[in-house]
Amino acid sequence: MGTSLVDAGSLLALDIGTVFTRAILFDVVEGRYRFLASGAAPTTAGAPLNDISEGVRAALDQLQEIAGRTLVGPDEQLIIPSQPDGSGVDACVATLSAGPPLKVVAVGLLEEVSAQSAQNLATTTYAQVVETMSLDDRRKTVGRLDALMRLRPDLIVIAGGTEGGAQQSVTSMLEAVGLACYLLPKGQRPEVLFAGNSALVDEVKESLGSLASLHIAANVRPSLDVEQLTPAQPALGQVYRHVRARQMRGVQEVDMWTSGKLLPTAMAFGRLIRTLSKEYAHTSKGVLGVDIGASATTVAAAFSGDLFLNVQSRLGLGAHLPQMLELCSLEEIQRWLSVEISDTDLRNYLYNKALYPASLPATPNEMAIEQALACQAISLTMRQARGSFPAHAVDSLPGLLPWFEPIIAGGSVLTQAPTRGQALITLLNALQPTGITTIALDRNNLAAALGAAAEANPLLLIQALDSTNFQNLCTVISPVGAANYGAPILRAQMTYADGHTSKVDVKMGALEVISLPIGQFGSLQLSPLHRFDVGMGGAGRGGTVKVMGGLFGVVIDARGRPLGLPSDPARRRELLKKWLWTVNA
Amino acid sequence: MSANAPVTHFLDLTTLRRERLLPVSGKVLARRGQRVNASDVVAEALLHPEHILLDVARGLGVPADKADQYIQHKAGDEVAEGDLLAGPVGMARRALRAPRSGRVVVAGDAQILLQVDTAPFELHAGYPGTVVDLVEDRGVVIETVGMLVQGVWGNGRTHYGLLRLLGQDPAMEILPAHLDVSQRGAVLMAGTCQDASVLSAGDELPLRGLILGSMDSSLEAAARRAHYPIILLDGFGSLPMNPQAHQLLAASSGREVAINAEVWDRYRNTRPEVVIGMTDRGNPSMASDVAVHSVGQKVRLISPPYMARLGTITRLPGVVVVPSGVRTQAAEVRLDEKTTVLVPIANLEILE
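Same order as they appear, the protein sequences are chains A and B.
Here my numbering is used: the first residue of the first sequence is 1, the next is one more, and so on.
Here my numbering is used: the first residue of the second sequence is 586, the next is one more, and so on.
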């Protein structure tokens, strides 16, 4: 049934999210890959249907109707490869984020070293670490065994032992895992992912191989000061697929259509960002991707091919929404609200939204709440992710976002915002970029699909990554420095292709927009004052930069880094409204 | 996008089948065909097993490679506290005895792993009815005939008792003063709860259950801690109980209700429900769990500003821009004689 993507023509991508299932069709038109159409239907992973196939078929039905092409045969199976009569597709990829987060126990030697790396690996997919075990916790084998029997994790990630380092201590940590697997009924045993000292692989296979569904990955902590999660991610993806196939009806069938390559959506999204970062390696900046959905908020940052993926299942805008309040206060969400909503109403909204994750904001007030929640979720995920960025990531000041080029954002709360300006302000407030960067919106929700196809069909990724699908919102210039509110900090002059110019004197606290339509280029001369850093080589340094047009042209975000908001709620709301107004939102 | 949508039931008479499953493997105690009450235990399992690892070599004072020959039990054996596990050895008749009663789960390599006896988790039927099927090692399927009211949030507990209505107003707030000793053992019903001390007073009485239209979300943690079932029929906030559910329940005041306040988990297929068994009412048909949106359908709105209001679909205009600015499939819903609203179809729950 499955087929290789090599030399494939048309490609169907299925994206099974918590709320919606999308079927996306790409094909070669006039010698170039293009996104042709997509169909969507509610995901049916949960009650009452409890089978993802129903949602997949409904999405495919809609896609067939829109594209005018038969993709599913009379036997209800996907037609692969395409037939001479034009029906079917040549390849299929699929991504999945529906389902509860995987319950993970992270096992390592030292809590702050390998156990932390095991945890970090788990946060590269839809998972919740429910327990950490290490030599530091001083529990005996039976204590760990009882914990495992009580928690019944879906997955145990074992790290520990640097390359050429400890072996005996790791083996002792395996005892409890082995006993738990032995004592649990076969169908309820956890998946075990070993990502520790490679010298122990044979021993691990011998002790756990017959007891658990064992997966081996590269050591995530090869030395004390090096953590490398990326090589272990394919094995984690495989584990995810195994668990989901066990938990959800229909997953196996979709996996078969993809020749066993069904991926967690976040991992596919990460692949896209990593691939892009290789293309942008010459800029010495990273590439940043942000995807916010009902199941999680994902931040993928890649620096010349090194991917740093962070998936926060507690920060999805769906059933786990109340968990956001474990990570922040209501006040922290309130600060992003441009309308007056009481704390009580805001908290009740969160809890009700968790009951009905598929519901949509019906009025402007609810829309403002959703955007404030999105802003806070991205901000918190970014805070978590920033800790793992490499030391060579270029930043203006410690604690601020490093330089990225470009930033790609996706997720319904952004792409379905009534105005693009709302999406832009949400992103600027949440991310607070520094230096010079472009921000693009994945308006057709293609990023994960392209990431899933990237490995076998890089041409598709490159050709489909155009401004039709990834809408360039703007080039953002974010000066970093210290000055009083209202003090001039930057002089900017845009020279357009036709030779005319436009000058702006930017004051501290301002958000300025210089128009530059999509498809046009301009030459922007920047002269920072008061030693402000605009990302041109250091504090006070200016110069001329070629900028690309976008929906909002060039945006100079001089509101300060970190962004300071008035403590008075009324003044803060007025300011937020003013910024939205600046970008016509 | 005319896909199947889930249905919420407020039914005066229906046949329902519900799986009642242990969270982990265990022992099914009920038999097929057995009639059960909501509080009957139908299955049990050890949710939090506790183990003791005994070092046989050290206990007997023998070398590890000689220890196994002295072990007196094999995996699976039940032992009582003080039973001989290994030995006796030597002149002193050194022996290793069970420190607590339990079951030997591993014996060998100079070690004995004992799973000690702990109180099992008991799975209650949750519904009055008949066990029509068994799920091996996991639980039962129960069939019931009666009234069904589905909720949106539950605190995970199950019980039954006589339903008592606090007042005729669906918006009535339950107050600490309402909980006097005359309510002991009752399942109370009220519009809303805004005061955490009501929930703790319910534990002190104790109540057997609390059915609410809504509750302020700040009480969620306290409600989870309560030892009796609490169920919300409409959501969080200060919403009155929807009139359809209120009417059904109010008409049943004084009858015995089963309140199964399971957590609403779409993946595990569990939903909080209130059921009144009526075995003498024949065999009504089972209600469908899915339906396609259509004009004339009764619906509940599940998002502000009309949260929990009931209405009827009067028009399905397709994809339109709703007041929030979102472009989506929408429906026109008549809430009352004077009010018709346009809302995203995703914000409607079909009622039957």
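Be aware that a few hints might be false.
Computed beta-carbon distance windows for the label pairs [said to hold, decoys possible]:
id	chain 1	residue 1	chain 2	residue 2	range
1	B	E663	A	E455	53 to 59 Å
2	A	V394	B	A806	39 to 45 Å
3	A	V339	B	A836	54 to 60 Å
4	B	T925	A	R491	43 to 49 Å
5	A	G260	B	V848	44 to 50 Å
6	A	Q168	B	R679	41 to 47 Å
7	A	L327	B	L669	51 to 57 Å
8	A	I66	B	R900	21 to 27 Å
9	B	R679	A	L224	41 to 47 Å
10	A	Q247	B	D754	41 to 47 Å
11	A	Q228	B	R912	40 to 46 Å
12	B	A660	A	V394	56 to 62 Å
13	A	S342	B	P902	32 to 38 Å
Honestly, the hints are just simulated from the structure, not real lab data.
Predicted model only: the values in this text are computed from it and were never measured.
Heads up, the beta-carbon is just placed ideally off N, CA and C, and yes, glycines get one too.
Against the structure, the hints come out as follows:
no.	hint	verdict
1	B/E663 x A/E455: 53 to 59 Å	holds, 54 Å
2	A/V394 x B/A806: 39 to 45 Å	holds, 44 Å
3	A/V339 x B/A836: 54 to 60 Å	violated, 42 Å
4	B/T925 x A/R491: 43 to 49 Å	violated, 56 Å
5	A/G260 x B/V848: 44 to 50 Å	violated, 34 Å
6	A/Q168 x B/R679: 41 to 47 Å	violated, 30 Å
7	A/L327 x B/L669: 51 to 57 Å	holds, 54 Å
8	A/I66 x B/R900: 21 to 27 Å	holds, 24 Å
9	B/R679 x A/L224: 41 to 47 Å	holds, 46 Å
10	A/Q247 x B/D754: 41 to 47 Å	holds, 44 Å
11	A/Q228 x B/R912: 40 to 46 Å	holds, 44 Å
12	B/A660 x A/V394: 56 to 62 Å	holds, 60 Å
13	A/S342 x B/P902: 32 to 38 Å	holds, 33 Å
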